[in-house]
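Sequences and hints are given; from them, build the entire structure.
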Amino acid sequence: MTAIEIESLRKSYGDVTAIADLSLSIDDGEFFGLLGPNGAGKTTTMEILTGQLSPDSGQAAVLGVDPATQPTVVRERAGILPEKESPPSFMTPREYFDFVGAIREMPEETVTERTGVWAERLGLTAKLDTLSSDLSRGQQQKVMIAGAFFHEPDVVFIDEPLANLDPIVQERVKRFLRSYRDAGNTIVVTTHDVDVAAELCSRVGIMYEGDLVADVRPAELDTDVTLLDVFLDNVDATVNQIDEPLTHE
Amino acid sequence: MSDARARRVFVEMLREEWRLHSRLFRGSHFSLFPVFICLLIGGAAKLLVVTGTEPETVFAGLHALVFVFGLHTGSIGFVGQDALRNLLGDVTLLVFSARTLPLSQNTLLGLFVIKDSVYYAVLFLLPMSLGTVLAVRGVGGPFSVAETVLLLWTTLALLFVLGMGTTIAALGLAGRGVPGLALLAVPLVAVGAALASSIDVVSYTPYGLFLAQTPLRAGTTVVSIFAVFLLGAVTFDATAPRPARTVKPTFRRWWRRIGDPVATKSLLDIHRSAGGFGKVLFSAAVLFGVTAALVDFAGQLTGVPPSTGISFGAILGLSGFTTYNWLTQSDDVDLYLSHPLSVRAVFAGKFRAFLLLGPLVGLAFYGPALAWRGGPVAEAFVGAVLLVGVACYIFGTTVYLTGLSPNEFLFDTPLFAVFGAAMVLPLVPVLTAGFAISPLSGPLLTALGGFGGVLGVVGVGLYRRSLLKWSERYQQV
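Protein sequences, first through last, are from chains Z and V.
Its first residue numbered 5, the first sequence is counted upward by one per residue in my numbering.
Its first residue numbered 71, the second sequence is counted upward by one per residue in my numbering.
None of these hints come from the bench; they were simulated from the model.
Treat the hints with caution; some may be incorrect.
Stated by the list, open to error - Computed cross-link-like contacts, SDA-like style, restricted to lysine to any residue with a CA-CA straight-line distance of at most 20 Å:
| id | chain 1 | residue 1 | chain 2 | residue 2 |
| --- | --- | --- | --- | --- |
| 1 | V | K539 | Z | Q74 |
| 2 | V | K318 | Z | S93 |
| 3 | Z | K88 | V | D401 |
| 4 | V | K318 | Z | A123 |
Here it is, written out as structure tokens:
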């Protein structure tokens with residue numbers, strides 16, 4: 005079954021083309037990574053798929069629903085973790101989960117139970133009643149991760165999920181993401197961290213200048229080829245300056 | 071820090087302030103800001119003098135305004151990061167560079183204060199002084215215009231610096247626990263006792279120096295400024311961590327009563343942010359004070375006692391703008407778009423929060439106004455209808471023009487002009503009737519009440535029309 009279908013998608017901001025002509029299909033249960041340098045169009049793609057942005061042309065469907073025409077239906081069924089958002093400053097994590105539960109019309113008992121589970125899972129128990137503005141970046145990120153998975157969605161869109169997390173929590177989140185995928189759910193992650201994509205994703209689409217320039221399965225790469233090699237082979241030389249010396253000398 | 075490094079940091083801080091304001095005021099518009107300030111303050115001073123206010127009162131009011139401005143400016147770099155973040159996103163100021171660069175925090179703090187003093191003295195206080203003196207010239211005094219501008223500018227700048235220093239010293243003391251708070255209370259009690267004993271404390275401030283340039287007044291001004299900055303330098307620690315605030319879970323309880331998660335969050339934001347609901351009431355209290363002064367003034371001008379109900383009702387309805395402003399301070403639509411909420415639902419939540427708070431805030435001052443000034447019951451009823459109608463009208467107009475960003479009015483002159491016209495057109499006839507006609511006849515009262523209802527309907531209509539506009543806008547940007 006196809007979870008996400010994109011066909012000839014285009015989006016521009018004035019003279020700047022964010023997505024040129026993107027077509028892509030992601031199956032149920034895939035852990036798909038959108039990898040690319042800054043400005044490649046990853047976040048724009050994500051925003052279109054979650055109904056936060058309308059494309060100029062082309063089609064997209066998430067679980068068979070068009071996000072351009074039914075954005076709230078898509079967001080009801082999906083979990084979203086935007087890169088830049090943090091939990092509301094004047095709410096505590098517990099209240100934010102209550103807020104998420106209220107919007108998603110979840111029973112209060114379920115909200116209470118999942119609040120406990122997520123607090124335990126991410127080490128947030130002691131911070132549940134602290135105002136979000138007084139949490140560290142990493143703690144805020146934990147709250148946002150929990151918020152994205154709180155209703156146990158079939159599809160999750162996550163932007164740089166491991167940003168600001170300490171190594172122990174990173175490892176916990178990675179394990180959770182894998183187990184979530186193993187339970188048959190679809191995860192789409194955007195990142196510019198090649199190692200994260202290689203480690204987590206069953207399939208990686210490399211975006212560059214609004215186009216999908218490569219579509220690879222890291223596990224199927226030859227032993228002498230890494231995902232970084234594929235990435236560098238597919239981005240422009242002006243971006244790819246890795247051969248130039250950058251040392252303290 | 072060497073002189074060269076200090077100079078460099080100072081110049082970069084000035085540049086930072088300029089860029090901050092340029093971004094707030096949309097780039098090149100900001101270069102005209104001093105002219106705007108000169109015209110605005112000059113116009114206001116002229117209006118006050120023409121309508122019978124004594125020039126001394128105008129000067130006293132200007133000094134008070136600048137002192138408050140100084141108090142506020144002293145806080146913005148140190149505790150106002152939340153406010154800046156709401157306007158600009160994440161903001162890091164050079165004054166915090168000691169975290170990452172080998173610079174002394176105290177030196178940075180000193181440079182920050184000097185930078186603010188120079189920046190605001192030149193771009194704000196000088197145009198204010200010029201505008202005011204030009205507006206009230208020819209109304210006495212032994213000095214020429216140039217001398218008076220120079221004197222006024224000097225005393226305003228000194229008062230501004232005193233205000234900044236007072237804030238820094240107060241923040242420093244407040245951060246030192248109970249002993250600091252106790253010490254903070256000492257000057258407050260002393261000033262209170264001096265005032266109670268009829269000692270003219272004001273004479274020893276920069277404003278006193280403006281009134282009479284004596285060595286004693288100059289000395290007390292310099293000593294008071296030196297004292298607050300010394301206290302600030304000793305007690306203020308910009309790097310001190312703020313303790314994390316733990317609160318009781320409230321969302322679920324409020325949500326059960328309010329019934330809408332966005333409305334609940336909006337009200338919780340006001341409750342939890344600095345000042346709580348008190349700041350909403352304070353905004354309305356300012357409007358209440360203005361109305362009281364206007365009513366007195368109109369009564370003297372026309373010789374007719376203004377209608378308490380109509381005048382207070384119509385003007386207090388304008389508090390709807392400040393209330394809506396507070397309701398939208400802590401979020402924007404983007405925050406909600408990662409949840410299954412439509413743009414329409416977000417605005418509906420804001421509308422519900424406004425209905426719960428906006429008219430109530432106006433009525434909280436309208437009741438005391440009636441008790442204080444009295445008036446016929448019919449006028450009181452029609453005034454209440456006008457208050458709710460005007461509040462809904464200003465809400466609908468603001469939402470239609472700016473969505474969840476009423477601050478846009480500050481930065482977009484054409485938009486502000488449209489908003490101003492939309493307010494003036496319906497309110498001028500209402501206020502003319504309220505101020506100049508007494509007693510109000512039955513038919514006129516009926517017409518005014520009906521007009522209040524129409525304004526309310528138009529406001530709700532504008533709000534409804536704005537839903538489509540903002541839904542489309544947020545999908546396309």
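Here's how the hints hold up against the structure:
Between V/K539 and Z/Q74, the direct Cα distance comes to roughly 17 Å. Compliance with the 20 Å bound is thereby established for this hinted pair. Taking the CA atoms of V/K318 and Z/S93, the gap is near 15 Å; set against the 20 Å cutoff, the hint holds. Distance restraint check for Z/K88 and V/D401: the Cα-Cα separation of roughly 14 Å lies within the 20 Å cut-off, and the hinted pair is therefore satisfied. The hinted pair formed by V/K318 and Z/A123 meets the criterion: a straight-line CA distance of about 17 Å does not exceed 20 Å.
No hint from the list above goes unmet by this structure.
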